[in-house]
Each structure stands twice: as C-alpha cells, then as structure tokens.
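A.B. asks: Now for the letters of each chain:
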Amino acid sequence: MSSPSLRQWLETDTPVSRGQALAGRFWRGFMGVVGNPTALIGLIIVLVLVLMAAFAPLLTFGHDPLAQNLSERLAFFGSKHWLGTDTLGRDLYARIVYGARVTLTIVLLVSVVVTPIGLAVGTVSGLMGGVVDTILMRITDIFLSFPRLVLALAFAAALGPGIENAVIAISLTAWPPYARIARAEAATIARSDFIAAVTLQGASTWRILIKHIVPLCMSSVIVRLTLDMAGIIVTAAGLGFLGLGAKPPTPEWGAMLSGGQGVVLDQWWVATVPGAAIFIVCLGFNLLGDGLRDVFDPKSS
Amino acid sequence: MTQLESSPNQFSAQDGRTLAFARRTSLFILTLLITFLGLTAVTFSIGRFVPVDPVLAIVGDHASKATYDATRLAIGLDKPVPVQYLIYLKKVLAGDFGESVMTSKPVLDDILTFFPATIELSTVGILLGVFLGVPAGVIAGATRDRWPDQLVRVISLFGYSVPVFWLGLVGLALFYGKLGWVAGTGRLDVGYDDIVTPQTGIMLIDAAVQGEWDVWWNAVSHLILPGAILGYFSLAYIARMTRSFMIEQLSQEYITAARVKGRSYWGAVWRHAFPNIMVPLITVIGLSYATLLEGSVLTETVFSWPGLGLYITRSLFNADMNAVLGGTIAVGVAYIGVNAVCDALYQIFDPRLRAP
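Chains as they are written, first to last, in this note's numbering: chain A, 1377 to 1677; chain B, 3 to 358.
Because the hints were derived from the structure by calculation, they are not lab data. All clues stand as given, with none of them false.
Incomplete in silico selection of chain B near chain A, CB under 7 Å:
| hint | residue |
| --- | --- |
| 1 | A175 |
| 2 | L318 |
| 3 | G334 |
| 4 | I338 |
Beta-carbon label-pair distances, calculated as ranges:
| hint | chain 1 | residue 1 | chain 2 | residue 2 | range |
| --- | --- | --- | --- | --- | --- |
| 5 | B | K107 | A | A1430 | 45 to 55 Å |
| 6 | A | P1391 | B | W268 | 44 to 54 Å |
| 7 | A | G1454 | B | S306 | 27 to 37 Å |
| 8 | B | K81 | A | D1517 | 22 to 32 Å |
Glycine is no exception: its CB is placed at the ideal position from the N, C-alpha and C atoms.
Extracted from the complex, chain A is given alone in its bound form (with noise of 0.2 Å):
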C-alpha cells in the first residue's frame, strides 16, 4: 500500500471496518494536534520525556546517576557534567535523565488507578440513574470537597514514604474529576437512540456499559488526564519535595530539588535543574493537553 493510498483509506468517511475507523480516529486527532503550533510543542516535550526515559542509559554516556563523588560536589555547568554536580558530587544531567523514568512511572501508575475507577463509578452512575446515581455522585462530590494536597500528604505519611505509597495517595484523591466527567458523558450517551437499539437487540447492561459507553467516554478522560497530568507531576514532586515521594537515592526531581535547597543562595542551578525539569515537562502536557482539547472537545474549549 503506497503512501497517498494509506491516507485515503485513514481519511475516508466510509470506514469498511471498525480498525479501519478506530485508525481513521487517531489519524485525524494526530493531525489536529501536529496542525496545532503549541500542542506539537507538546507533543515533543512529552516524547522526548518518553524517549529519555527509555533510553536513559544510553543519553547518560556512562555517567552513574547514583555515583558519588565529592571532590567535584556543588560542580557548575561543564563540558565533563553538563548540567553540574549536586552536594553529593552525582551529575545532575544523569539524575535529570533517571529521574524522567521516576516521573513517568507515577503518571502511567496514577492514570491507570485514576481512569478505571473515575470510568466505572461515572459510567454505572450516568447509565443506571436514580438511586445508584444520587448515591455515587454524592460521595464523589465528598471527595471532590476534600483538601487533594493534604489528604494526600496525610495517606503518604501514614503509608510511608515510596513510589507506589505516593501514587496511592495521589490517587485516592484524584479520581473524582474524572467520575464526574464520565458521569456526564454517559449520561448523555445513554439516552441515544443506538443504545436504545442495542438493547432492543437484547444487549446486556454490561455489555453496553463496557463496548459502547466507555469507548465513547474515552476521549474526554483522555484530554482532562492529559490536563491534569501537570498537577499529578507537581504533586508527585511536592511529596518528593517533602522527603515522601521516592526513597533516596533514587533520582526524583522532587527530592533532587530539596537537595538543592540548602546551597539555593549559592550554587543556584542545583535547586533550579530539576525544578526547571519539572515546569518544562509539566508545560508541555498542559500545552498538549489543550490542544488534545481543542482537536476531541472543541466545545469546552
């Protein structure tokens, strides 16, 4: 299949199959963001994020994340550490580029607790109505008032510190959005005539909850994940920040920063690196984000 047949058959209205149309899907959101200047911004951010983290070994040419060295501690930018030294004399480029597989590890863990239970109360509550709906969305809204940052920090504690400890916290607070969002969709979606169809042709609740309703929901749980991946990361670095993310000496840019803190008024870039980490990886999902946004959900835009 040579290349213009390839786009024909991603962009024709009559999709033969529902891979075809599922492609057809991708091909046109990819070329609403790559269209939009700011989005591909983010987009770039986040796959370079992807690819340091991947390939971390080889982007540190041999530099040892963890490696002290104190006779070069507190180093500024060089040729032999690009990024300096931390008060432990460990390069913070090598750091930087491990702590990339840190962060990504929270957000992929985060959204995969978050979406299925923001998914599953949202979408039960918007298609079964009545009872089951109030009920749900009354203690959605119970979690939705609750203080997010020290709730979490209150679960990091008591869990201890830790990756896995951090994520639970974070996402303990952080799937009521999301029910809200699938709620609302689902809602909507289940008075459709084809879900009317479908049920006629004696389709099970199940059934139409799991191949109908959340496939549809999908799009918009996507964009507010991807919008809220920023505040994930800064929470994530906050509890890193405050010793209850990572244990060291894992590279964490929460706690690399916090390691800075002390020799901030001196040897400024070994707090400001990974901070500046952080803010650049965080734009670039709420870059992408918006653009995601603008391309699935023009309407809330």
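Use these hints to put chain B onto chain A, whose structure you have.
C.D. replies: Relative to the frame of chain A, chain B by itself:
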C-alpha cells in the same frame, strides 16, 4: 374569573417558594454534614493505617503485658471499628484531637496558634490573585486572540505548570539572596520577635493595632514574596476562568444589542458583560481561596512560614499522627467551609437560582 383563580395560586406559589427554600437549605446542610463525616472517616482510617502500634506509642517498648492490656482497653481498641469511629467522632466534635508529641500541647491549641499565619498568607495571596487576575481575565477575554490575550494566556499557562516550591526557592535566591529586596524566611526578623503580643494571630493586624509600625513593615517584607507567589497561582486560575466566562458572555445577543444602541465596546464589556460574570466568579474565587489555604503547605515549608502547613509537615517527620490528623481536619473544615460559603453566596446572588 381571573381574580378567583389568582388568589389560591398566589398562596400555593408562596408555599412552594418557602418549601423549595427549606428543601434546598436542608439538603445543603445535610450535604455539609455528610462531607464532614466523610472527612473524619478518612482521617480515622488513616489513623488506623499507620504502621505504629498506638498502644506502644503511649506505654513505650518496655511496658509489662498488664499495662499494655490496660492501656489497650482504656483507649477503646477492643471495641468494634464502628464504635471506635463514633468515639473518635465524639472527641473531634468536642475539639479533642489528642496531644501533640512534638509540642506536648493539645493539638487544638497548636492549630489555633498556627492557623492565623496560614490565613494571613493565603488572604494576601487571594487578594493579589483577584485584583490582578480578574481584570487580566476580562481584558484577555475581550481581546480574544490578540496580543493581550496571548500574554495573559502565557502567564496563566506558566502558573499552571511551575511547581510552587521551586518558584519559592528561586524567588528567595533572587529577591532575598541576590537583590536583597525582601526579607528572608519566617514571619519576622529575629530582632522583631516577641514585640507584638498576638491577639488575632495575624501579624499585620496585631502590629497595626499596637502601633508597632517597624514590626509591621518588617512583617510586610517577609510576607510579600510568599504572598506574591501564592497570588500568582490563584491569578493563573482566576484569569483563565474569567477569560472563558467573558468570551461566553460577549457572544450573547444582549452585547450586540448594547453595541447597536451605541455603547462602546469596552463599555459593553465592563457595564454589561462584567456584572454577569461576577456570580460564577464567586465560586472560582472561593475554590482558589480554599486551594490556597491547603496548598500553602509547600510554600510554608520553603519559607519556614509558621502556619498549619509547616505544622503538618513537621509533625509528619516526628511521626506525630495526632497533630497530622488534627491539622488535616482543620484544613479540611476550612476548605469545605469556604466552598460552602461560596455555594451559599452563589444561591443568593444568582437570580435564576432564587425560589420561583
């Protein structure tokens, strides 16, 4: 005929109005109560999660079996979990959060000491956020896609993306370390400590009331940087929301009508559209104030600001769970309370939500 019909109708409308109001109010209060119960249930569960044996924490490692068992009975650990929760709830309602290991004072006293500093800081933050963010958002919405809009969007995008503790550190290094424009961490320079007797606990008010203007200016120079940083965060959110409300209002027909009648564009923006976005803005401002109250945890850590956030984080590292959970409840109640007040204000100010 008309008169005969209208008089019973009036009665029922009156009744319906009172009934609807009573129903909404009781639902509102019920929701608040349930939310509070939920909050205490969560803190209670966190308290039970902790891998520290609460009995050992009291009696120590070397207590005899008899003392251990007696203490266990005394703090009610033999009772079923729901009963334990009720005991806990009763204590919390009475303001008894236990004693802090770190300060060896009742946690409630500590909360009352530390909370005013948090309120002071977040209030400065929200004032900056509102007085800069709302006009910025209005101008951005009114000049959609032109340079003022792009500028405001970039500013608020940065505010969404930058970690607050990093901004605090960099701000300290630059404005305190390099330029010396502001004072460093804490609420006052050491030399100014203990001059002002705390009355409200809010330094700016106490110092002004007692006429200690040197202290007042010192407090301002300590407050301005963390306040501005928190203000920037609420500005980012408030400007963004104001902008989208403004764009929505400006697309309405009444704006076109006002323009057709000869109202200038900015006249239409400020006199016609702006009053209509003030009601939804109440919720936005309330939410960001509540977020500042809880979100100041990290800022307070960076600036050693003696507020509730610093109290909670310091207690965390001393495994002082009474203090952590008490502080969490205090922040939670403030957070829920601010949001509830805004909901109520929204109901009062939005004519469409008044009883029919």
